[in-house]
Amino acid sequence: MNLADMLSYADIHELGRIAHTYECECNGHSKNELIQSILSTALRREIFEKHIQGLALEDIRFLNSLLFDPRNAFSIEELIARVGQSRFQKEDSEEWNPRDMIIKFKKLGWLFNGYSQQTKFLFHVPQDLKRRFSDVLTSQFKQSLKTTNEPNVYRDEQLLIVEDIFHFLTFISQEQEIPLTAEGSMYKRQLQQILNRLSVQEEMVTKGTWRFGYGRMFKEYPNRFSFIYDYCFYRQLISEHSQILRLTEEGKARLVEGKKENPAEVYKFWLRLYKNPIPNVQSVVAWIDRLGGQWVTTASLGEVLCKLVKPFYYDSSESIVEQRILQMMMHLGLIRIGEDQENGAVIQVTKLGTKVIQGTFVAEEDKVVLFLDKESIRFREEVK
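Just so we're aligned: the sequence shown equals residues -16 to 367 in the numbering used here.
Quick caveat, the hints were computed from the structure, so don't treat them as lab data.
Heads up, some of the hints might be wrong.
As the list claims (entries may be wrong) - The list that follows gives simulated cross-link-like pairs (lysine-lysine, BS3-like), each with its CA atoms no further than 25 Å apart:
| id | residue 1 | residue 2 |
| --- | --- | --- |
| 1 | LYS113 | LYS338 |
| 2 | LYS113 | LYS293 |
| 3 | LYS334 | LYS87 |
| 4 | LYS251 | LYS334 |
| 5 | LYS202 | LYS113 |
| 6 | LYS103 | LYS113 |
| 7 | LYS251 | LYS338 |
| 8 | LYS33 | LYS89 |
| 9 | LYS113 | LYS258 |
| 10 | LYS103 | LYS14 |
| 11 | LYS258 | LYS338 |
Unchecked claim - Quick list of the computed label-pair ranges, beta carbon to beta carbon:
| id | residue 1 | residue 2 | range |
| --- | --- | --- | --- |
| 12 | GLN341 | VAL183 | 20 to 28 Å |
| 13 | GLU29 | LYS202 | 50 to 58 Å |
| 14 | GLN110 | GLU160 | 33 to 41 Å |
Using N, Cα and C, we set each Cβ at its ideal position, and we do this for glycine too.
Kindly generate the complete structure, drawing on both the sequences and the hints.
Right under this line is the structure:
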């Protein structure tokens, strides 16, 4: 629902609090006047932008956690947790209360309780305000960006990861059985053979390197291959029974059919895998899509994004943005990374990336099915 709809369901006391926030001059006993006054004031461009610009960084982080979430309802417990995640520096203060931020957003008319018996304990953000928040913040963030011309040299790995998933499955089928260590990882010799076959070369993880939190096999394997391995395992294309790595029946079927993975499904799995260490990874990716249509310097983009990304153990906000997000997005084919002589590292979102991130990507086999469905519908209409 939009703001006007939510205001119409709000009680007169709540409307009065919102009207007071915006200093509306109207009859506080008339619900209709309150609604009209709030709408004409709160949605006025200069007033709306003024309130956004007046937000503290923690407020922006909290708001950001709501903007790109496809769900429409949030419990109070979930909102309190999100407020807590937006506070990177924990200070012992009895005065700080996460509910204060939620109350502040309610007084601004940015959060509303549901109106039905089933939703009255849930909180909602008006849909039209979500779009406005995104547009204003995009404009604000873009002021910090430095754009460049296309660099002479850049890396673009579109669709290479789906090819390498297929190469990995092919390698296992050729070996038939690959022994695993007591810890469940491959031995170095066969791991090196696999890494040599892949389109993007990676060094093996050195002993004693601190690695934690970005997937099931992240500790044992380099970043990209670790992700490929986890994807195949969770999609049940491979199994590890009795310390032997084998293809499952589903994995064998992939090879027989010559079927490559859908880049959109690989991307969704990456979001799920990285969501624990980076809770707002989806919103960060959405910002990269909005801000990276042209070539921009990694440094200027990092300045914007690092403020939104919470450090994870020994991983700083900077290393998370550069290594865990931008590097992996390049491996997924969502962005290309280049080197500019004057400005250093630069990035740009690919056309595939925009389609995948915005959920409009359609795989080739799906296009065929859609076409056939249209043809069969037309045929049925003609038969009638």
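Take the C-alpha atoms of LYS33 and LYS89, compute the straight-line distance between them, and say whether it is at most 25 Å. With Cα atoms ~17 Å apart, LYS33 and LYS89 stay inside 25 Å; holds.
Quick check on a hinted range of 33 to 41 Å for GLN110 and GLU160, using CB atoms only. 53 Å, violated
Verify the proposed pairing of LYS334 with LYS87, using a straight-line Cα cut of 25 Å. 39 Å, violated
Decide if the proposed pair is consistent with the structure: LYS113 and LYS338, CA atoms, cutoff 25 Å inclusive. 21 Å, holds
Distance restraint between LYS103 and LYS113, which requires alpha-carbon spacing of 25 Å or less: 20 Å, holds
Hey, LYS251 versus LYS334, does the alpha-carbon distance stay inside 25 Å? Measuring from Cα to Cα gives roughly 17 Å; hence the hint holds.
Note whether the CB distance of GLN341 and VAL183 lies within 20 to 28 Å or breaks it. 25 Å, holds
Honestly, do GLU29 and LYS202 meet the 50 to 58 Å range at C-beta? Given range 50 to 58 Å: holds, Cβ gap about 52 Å.
Hint check: LYS202 vs LYS113, CA-CA at most 25 Å. Holds or violated? The hint is violated at about 38 Å.
Given pair status - LYS14, LYS103, alpha carbons within 25 Å: Cα-Cα ~20 Å, so holds.
With a cut-off of 25 Å on the C-alpha distance, tell me whether LYS113 and LYS258 pass. The hint holds at about 22 Å.
Under the criterion that the straight-line Cα-Cα distance not exceed 25 Å, is the pair LYS258, LYS338 satisfied? 21 Å, holds
In this structure, the earlier hints numbered 3, 5, 14 are contradicted, and the remaining ones agree with it.
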